[in-house]
Amino acid sequence: MQTNRILFSVIATFLYMHAGCAVADQLNRDQATHNQLTSNTYSPNSPVANHNFIPIDGATPQHQFSGAIAILEHTMRTEPAAIKPAVIRGRKTQLFPGVTLQFVSHGEYLVPVERNIIEPLGGDSYWHFHAGPGRVWSEENDDGMSRASFPFFLTNLFENETYNGIATFLYDDDSVSELRYQIVQQLSPFMVATKFVAWNQQPITYTPQVIATEPLLTQFDAELSDQLTWRDWSELEDTYGAGLFADFDTGIDPQLVVAGGLVIDGDVYVHSMATPYGDYPYPREMRHGVWSVTKTITGLVTLMRMAEKYGDEILDYKINDYVQVTANHDGWENVTFRHAMSMATGIGPGSINTNPNVFSDGNYDVDTDAYMDWMFAPTTQAKLDLLFQVPNYPWGPGEVARYRDRDIFIGAVALANLYRSKEGRDADLWQMMQDEVYGPIGIHHLPMSQTWETDRPPVPLLAWGVYLTIDDVAKIAGLIERRGMHNGAQLLSASGLAEALYDTDERGLLTGASNRYGENTYHLTVWHENYTTTSGKTYTIPSMNGYGGNLVKIMPNGVIGFRMGNGDDKPVEQMIVIADKLFPFDQYNRKSGKAVVVAKP
1 MQTNRILFSV
11 IATFLYMHAG
21 CAVADQLNRD
31 QATHNQLTSN
41 TYSPNSPVAN
51 HNFIPIDGAT
61 PQHQFSGAIA
71 ILEHTMRTEP
81 AAIKPAVIRG
91 RKTQLFPGVT
101 LQFVSHGEYL
111 VPVERNIIEP
121 LGGDSYWHFH
131 AGPGRVWSEE
141 NDDGMSRASF
151 PFFLTNLFEN
161 ETYNGIATFL
171 YDDDSVSELR
181 YQIVQQLSPF
191 MVATKFVAWN
201 QQPITYTPQV
211 IATEPLLTQF
221 DAELSDQLTW
231 RDWSELEDTY
241 GAGLFADFDT
251 GIDPQLVVAG
261 GLVIDGDVYV
271 HSMATPYGDY
281 PYPREMRHGV
291 WSVTKTITGL
301 VTLMRMAEKY
311 GDEILDYKIN
321 DYVQVTANHD
331 GWENVTFRHA
341 MSMATGIGPG
351 SINTNPNVFS
361 DGNYDVDTDA
371 YMDWMFAPTT
381 QAKLDLLFQV
391 PNYPWGPGEV
401 ARYRDRDIFI
411 GAVALANLYR
421 SKEGRDADLW
431 QMMQDEVYGP
441 IGIHHLPMSQ
451 TWETDRPPVP
461 LLAWGVYLTI
471 DDVAKIAGLI
481 ERRGMHNGAQ
491 LLSASGLAEA
501 LYDTDERGLL
511 TGASNRYGEN
521 TYHLTVWHEN
531 YTTTSGKTYT
541 IPSMNGYGGN
551 LVKIMPNGVI
561 GFRMGNGDDK
571 PVEQMIVIAD
581 KLFPFDQYNR
591 KSGKAVVVAK
601 P
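The working numbering numbers the first residue of the sequence shown as 1 and each following residue consecutively.
Heads up, some of the hints might be wrong.
To be verified - Derived CB-CB ranges, DEER-like: (1) Lys537 x Ala86: 34 to 40 Å; (2) Glu399 x Pro584: 34 to 40 Å; (3) Ala382 x Asp174: 26 to 32 Å.
As the list claims (entries may be wrong) - Restricting the straight-line Cα-Cα distance to at most 20 Å, the calculated cross-link-like pairs of lysine-lysine (PhoX-like) are: (4) Lys422 x Lys309; (5) Lys581 x Lys537; (6) Lys594 x Lys537; (7) Lys318 x Lys422.
Since the hints were made in silico from the structure, they are not lab data. Computed from a prediction, not measured in an experiment: that's the story for all the values here. In this text, a Cβ means the ideal position worked out from N, Cα and C, and glycines have one as well.
With the hints as constraints, model all of the structure from the sequences given.
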């Protein structure tokens, strides 16, 4: 798969990984200058090198920032010139959304008040908006003004793609310059067919405000202190030889890799975070819409938190005891939470051919219009009404696996209703997960797509919709690898995770896919592929896979591999081979009592 982004030259910059922002020392500013940003007639012709959005020999900001900037809805300049389709469900894809963003400066940081995804009120734009923490500084040629920049991404909450960008503006105590931005990287589009980059410079308004900084800044300081250690990829090459890692992305166009790397003993080695305009200057803040990796990162984790709270027996609770089923067939009668989260409900519109079984048969390629109506239905009830129109297969639950987002979603609804039955009508499942799982492992913000409700807490989709940083990937995958243990506390069901990760004799259902080492299976949101070492011993590799080539793999030795991008995955991922060579699976694995991350909290 090719992308229009390869039309642009890759401009080399570097990552300042420990602080989370690159600093462009030894460079002269030739773009986003004071004259350009304060001109009401200047219009950039294209994106520029990313280093123009970060400090260049910057000093402490001369002004504090506390207030809101308002960005009006406007047309983005893009390459190619037109985003197609131009309209999706009545919304225009070429329009940058109109949003109001509150920030407060904190030392060298620019901290956004709202850390969730913002849905614009009114307007015609297709896009929703998310701002991450940025930087403030001053430069000698800015005529006494201070300078700010921040990372952001566009998405649509009914989908899960991310279009990552950066923005900058000048400010003083009571005024701001125009806003310069560019969107320089994206994951696999779904509804939007065009791969594009975007840019513009637009007037913004500034309203100084007194913003309560507690607990905002205390939480931000905790967020910084909980960052994982990032190490240069070159450290691995220097230690083990560059040749070992030469094939890390073999068979995948490097233009289609947004980020990739390994987590070893709790430290993150990032292989790439490149864009066509240089490395992304806010690598720690870059969020990735990972599509169906969500099923494990949130679906499995939520199921196992509920099992830890209320007992493993919930896996065998029936869906129809917690969801009012209105289907005109009895296919839901014996479907359990385990069946739903294994996508083995026996419900679906696909063929009845199971020899061989095609896992994707009947997902959205058979009833595309009905699937899209369901996908874009905003409320829980609207989604359920459409979901129950789907027919059942001649087999029962637990017999055949068929890939269905709708199975995971009904599992999410059942979990939310189970939680309310235990804790009260207003109990919020996703808030519980943030308070009791993600927060304790050091994840302070985790944007997630949910249903839109007016009379009750929303339901997290769990089938897709989470937006992850690389640290989030490492922390959550690490928690799963440790079978739910964190700092001596059992956050997730150990026995449930043992089943999901094939520590027990329980095995999932065949997907119809295979590699040279055997057939792949799927169970409790986890893909399992086989890998045979040089000794002849075969291991199953638990994997989280998402549309377009997003993947996370938990190796038998505790190493975690990840790749975010558009390059799909391969029958045998080279990251598995590399992990085995680094710490041989036959020597380092849980069953031997030795794995490289077992001792990490």
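Range hint compliance [Cβ, Lys537 to Ala86, 34 to 40 Å]:
Hint violated: Cβ distance 55 Å, outside 34 to 40 Å.
Between the alpha carbons of Lys581 and Lys537, is the straight-line distance 20 Å or under?
Status holds; Cα separation ~14 Å.
Decide if the proposed pair is consistent with the structure: Lys594 and Lys537, CA atoms, cutoff 20 Å inclusive.
holds, 17 Å
Is it true that the CA of Lys318 sits at most 20 Å from the CA of Lys422?
holds, 16 Å
Do the beta carbons of Glu399 and Pro584 sit within 34 to 40 Å of each other?
With Cβ atoms ~38 Å apart, the hint holds.
Given the hint of 26 to 32 Å, check if Ala382 and Asp174 actually sit that far apart at their C-beta atoms.
The hint (26 to 32 Å, Cβ to Cβ) is violated, given that Ala382 and Asp174 are roughly 46 Å apart.
Against the 20 Å threshold, does the CA-CA distance of Lys422 and Lys309 hold or violate the hint?
holds, 10 Å
Consistency with the previously given hints fails for numbers 1 and 3, ordered from lowest to highest.
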